Every structure is written in structure tokens, then in C-alpha cells.
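Chemist: For the record, the sequence lines run as chains U and F.
First residue of the first sequence: 1, per the working numbering; consecutive thereafter.
First residue of the second sequence: 1, per the working numbering; consecutive thereafter.
Watch out, some of these pointers could steer you wrong.
Cross-link-like lysine-lysine pairs, in silico, DSBU-like; alpha carbons within 30 Å at most [claimed, not checked]: (1) U:LYS225 with F:LYS103; (2) U:LYS161 with F:LYS103; (3) U:LYS244 with F:LYS244; (4) F:LYS119 with U:LYS151; (5) F:LYS225 with U:LYS225; (6) F:LYS225 with U:LYS161; (7) U:LYS244 with F:LYS103; (8) F:LYS225 with U:LYS103; (9) U:LYS225 with F:LYS244; (10) F:LYS161 with U:LYS225; (11) F:LYS151 with U:LYS119; (12) U:LYS119 with F:LYS225; (13) U:LYS244 with F:LYS161.
What the hints contain is simulated information worked out from the structure, not anything from laboratory work.
Quantities reported herein were computed from a predicted structural model and do not represent experimental measurements.
Protein chains: 2
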Amino acid sequence: MVKVILIGSGNLAQHLIVAFQETEKSGRPIELVQVFARQKEGLTHLLHSDKIVSDWSQLKEADLYIIAVSDDAIGEVASQLPFTNRLVVHTSGAMDLQTLDSKNRKGVFYPLQSFTKNKKVAFKTIPICLESENEDDYKMMEKVATAISNKIYPIQSQQRKALHVAAVFVNNFTNHLFKIGAEICADNQIPFEILQPLILETVQKITTISPEQAQTGPAIRNDQKTIATHEQFLTNENQLNLYKILTQSIQNNGKKL
Amino acid sequence: MVKVILIGSGNLAQHLIVAFQETEKSGRPIELVQVFARQKEGLTHLLHSDKIVSDWSQLKEADLYIIAVSDDAIGEVASQLPFTNRLVVHTSGAMDLQTLDSKNRKGVFYPLQSFTKNKKVAFKTIPICLESENEDDYKMMEKVATAISNKIYPIQSQQRKALHVAAVFVNNFTNHLFKIGAEICADNQIPFEILQPLILETVQKITTISPEQAQTGPAIRNDQKTIATHEQFLTNENQLNLYKILTQSIQNNGKKL
Chain U
1 MVKVILIGSG NLAQHLIVAF QETEKSGRPI ELVQVFARQK EGLTHLLHSD
51 KIVSDWSQLK EADLYIIAVS DDAIGEVASQ LPFTNRLVVH TSGAMDLQTL
101 DSKNRKGVFY PLQSFTKNKK VAFKTIPICL ESENEDDYKM MEKVATAISN
151 KIYPIQSQQR KALHVAAVFV NNFTNHLFKI GAEICADNQI PFEILQPLIL
201 ETVQKITTIS PEQAQTGPAI RNDQKTIATH EQFLTNENQL NLYKILTQSI
251 QNNGKKL
Chain F
1 MVKVILIGSG NLAQHLIVAF QETEKSGRPI ELVQVFARQK EGLTHLLHSD
51 KIVSDWSQLK EADLYIIAVS DDAIGEVASQ LPFTNRLVVH TSGAMDLQTL
101 DSKNRKGVFY PLQSFTKNKK VAFKTIPICL ESENEDDYKM MEKVATAISN
151 KIYPIQSQQR KALHVAAVFV NNFTNHLFKI GAEICADNQI PFEILQPLIL
201 ETVQKITTIS PEQAQTGPAI RNDQKTIATH EQFLTNENQL NLYKILTQSI
251 QNNGKKL
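If we strip away everything but chain U, and leave its shape as in the complex, we get (with noise of 0.2 Å):
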């Protein structure tokens, strides 16, 4: 039996909480033993009081210590663990493993997703990405991610940063055009559903096809009439400087400037 102690109370370690449990109840060989969490309130909903703790000096033993907090504040908590030489992992994707206070074996364990408050996630699908400092550390690691979750990846610090900066590009900057398509359709009394299909398609097309090839519209056609046509519609200044740059940046396609 591998046992599990969780630090941490938002979001990712809800998730994590919600995961560990279902895992325990189909009787696979993870025990989640304790949650440290400073205020026991916003958990309680979750498991039994007696399994959250809030003075470090109740925190039992067990085999991995998980700290689900904000970057911030990772290694403030890694250095008041009252204890030395037992694995602890953060689960940051932005952190370096050296975040972590050497008084412990360090080690990462990021589940790569954006995950919303009380929006349940199918954990399984969820890509977990470990990194350690020796074999049996990531084997213990992988013991608990396999647990919750069908896809495990060994991913290095330095990778690590860059899957971050990746899914900004891939997350957050997408949800950002995908906001600025619902600008143009609102100031045009479309409603943003009309899109939603197409969005779809796109998603769908990279599950198949490499991005590069799924490569479609007026940029990759150089297609001049249209962007010029679709340049003196934009009067929102922010938005025709975004078409102009993603139009070059994909006409560049390839050439590292």
C-alpha cells in the first residue's frame, strides 16, 4: 500500500482529493492518509474532518508528500515539512524541482490541465508529468499516477518549462481568440454559437493530422484580396494588429526569424 499525503486545498487539490478517493474505492493500492490544509472548512465537503489537518505537527508518515499550492508559495511550504529524507513532489508546471527544500527528496508531479472549480474532470485522460531525482522516487511517483491516471510521462525540468509555455499557446492565447471571435460576432448580432462547430473541426482535425498540415485559410493561400478585405473590416485597432501579426507569422512559417 503506497500512502499519500496531500498539501494543499484549491482547485488541483480538490481534484486530486476527488481522484485519490476513487482510486482507493476501486481498490487499488493508494492510500490518501491525510489533506494539510490551514482552514479545514473548504474541504470538509470532500472527506472526513478527521483526515484534515492544519499544524504541521499532526502531518503522519507516509510514502509521498504531494504540495498542491500556488508557485508562489511551494517553497515556503517545502521548508516548514517537519521532517528530512522523504520524498516530496510539487505540481507545478512552471517550477523548477529545485523549488523545493533539499532537506527531502525532491520531486514533480504536474498533471497537465486547466481545471475549473466544480467542473468534474475525467482524471484518466488527464497527462500526469513526472520527473525525479533517482529510479525508485519516479517509480513510486508513477505507482500513484498510474493510479488516477492512463497517461504518464517522464518529463525533465527544462521540458517541463517549455509544456508550459506551449500550453499558453495552446490554452490561453487560444481562448483568447476565441474571445475575439465572439467580439466580432456580437458587434455584428451574430451569435457566437454559429462558430462553435467550426471550432470543433479544428480541435478535431490536430487529433488526426499535424497542425502544419491542417494549416487552412487566406495567410497559408496568400490569398492578398481577402486579407486585404478582411483588414479594412477590423476598425478595433488590437484586433487588425493581431491579424496582421498571426497572418506574417504563419506566411513565415517555419523560417526562425
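Given the coordinates of chain U, work out where chain F should sit on it, guided by the hints.
Modeler: Just chain F now, kept in the frame of chain U:
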């Protein structure tokens, strides 16, 4: 029975042929009378060659003539039609109603989707945007559109232009961001598939909440530390430039610059 003649043999024309044939099978009151194509061979895998004509003089009488050719060819095709005062529509998101020759009644029948050759589409879910010069013609087009799709929208020329620009943002530009994500992954020996669940979640979110509400990430949080780390990470000038401009655009959210 509404009689339809299709002009064109490209991607969209082929998808429309398949959709109309399925409609005929299901007993709906639409008949695809003929298809005009310069080269018959391109369509013989889809329909009987006696239904394909390559000579304008062979065109039969129909209630609706749908021109599904490239934007540049619409005007010329419309002017070559050897009849007057019939309902002739084009299928382009980018072109004005006025592109069509005035000797016939004009309309637009624009399916808003990105069609890929040989990839079957569920036409029923594709929004069809209709425009006409009078209500009778609109009703005729609506009858035909309803036979192949569940989503029909009246969209005037100016709105269609807006929709076309919005589609470039949510489809072409979004796909380009996926390409940059794939590039960053490849440069760091990370499989791109690791980002796909995140991409799917990004898209699923906006079917329940608006893109504005769905925005997450360092830009909207104004997390300067993470932004600085990402900017330092990006050595490709084009990627760095896009990162800065999209971050800025998210932070200017709502402000009309």
C-alpha cells in the same frame, strides 16, 4: 419537389453532392437534378455521369442554382449562365451578394465549415448562412438548407463578412497556435499528444461558458514572474513576438485601443 442544380466540382461541391444524395434517400422533397463540372471525371465516383454536364447549354430548369466554385470564379460563372430571372446563389463566406450577375435573382448559401477532401462531415451539424433579395427566395433556400442541416441562420452580406473574419481567428489562427505548441514540443523532445487533452478541454469549456469567462493563465492573472520566465525561455523571435503581443492583448481585454 424543389429542384437543385449544383455548379462546381471542388471540395465543397462534392460534400454538397453527398449531402443532397442522402437527403433524396431519406425521402425529403429535394432533387439534385444536375451538376455542372468542366471535367466530368472528377465527379463520376459520386454520381451517374448522365447527371453531370460540362456545357452551359445542357443545363436544365431548376428552382435553385448553387455556384460552389472558388471566390475568384463566381462572377464569371454567374455571367455565363444562359438564362435570366432564376434563383442563383453562391456559397462563399467572403464574397458579396453583388458578385453575382444581376440578370438572375441573387442569394448566398454559405455552409460555415472548413471542408477537407475525403473527410466525411456530418452536414446536419454545419451552420448554413442564408441571404436573399426577397422573402420567397429565402423560403426556397431555407427549404433546401433544412433538408441537409439542422442549423440555418439568416446572415446579411456585412454580417457574413464579419463571420468570415471571426472564422479566421477561431480556425486558421487557432490552428497556427497549435502549430507553435507542436514546434515548442518538438524542439524539446516532447510528444505533442501530451497537449491534446488540454486543447480539447479548452474547446469544451466555451460550449458552456463564454471565452471571456474561460480565460486563464499568466496574462489574465498579470503574473509578471511567469511571463518573464516564459519570455526568457522563448529564443525563437517569432514565437516571442507572438507571446508578447497576445499577452498584451489579453491584458487589454475589452479596451478598444
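Chemist: Now look at each hint and say whether the structure bears it out.
Modeler: Comparing the hints with the structure gives:
| no. | hint | verdict |
| --- | --- | --- |
| 1 | U:LYS225 with F:LYS103 | 26 Å, holds |
| 2 | U:LYS161 with F:LYS103 | 62 Å, violated |
| 3 | U:LYS244 with F:LYS244 | 15 Å, holds |
| 4 | F:LYS119 with U:LYS151 | 29 Å, holds |
| 5 | F:LYS225 with U:LYS225 | 42 Å, violated |
| 6 | F:LYS225 with U:LYS161 | 13 Å, holds |
| 7 | U:LYS244 with F:LYS103 | 38 Å, violated |
| 8 | F:LYS225 with U:LYS103 | 26 Å, holds |
| 9 | U:LYS225 with F:LYS244 | 28 Å, holds |
| 10 | F:LYS161 with U:LYS225 | 13 Å, holds |
| 11 | F:LYS151 with U:LYS119 | 28 Å, holds |
| 12 | U:LYS119 with F:LYS225 | 28 Å, holds |
| 13 | U:LYS244 with F:LYS161 | 17 Å, holds |
The structure is inconsistent with the numbered hints 2, 5, 7, although it conforms to all the rest.
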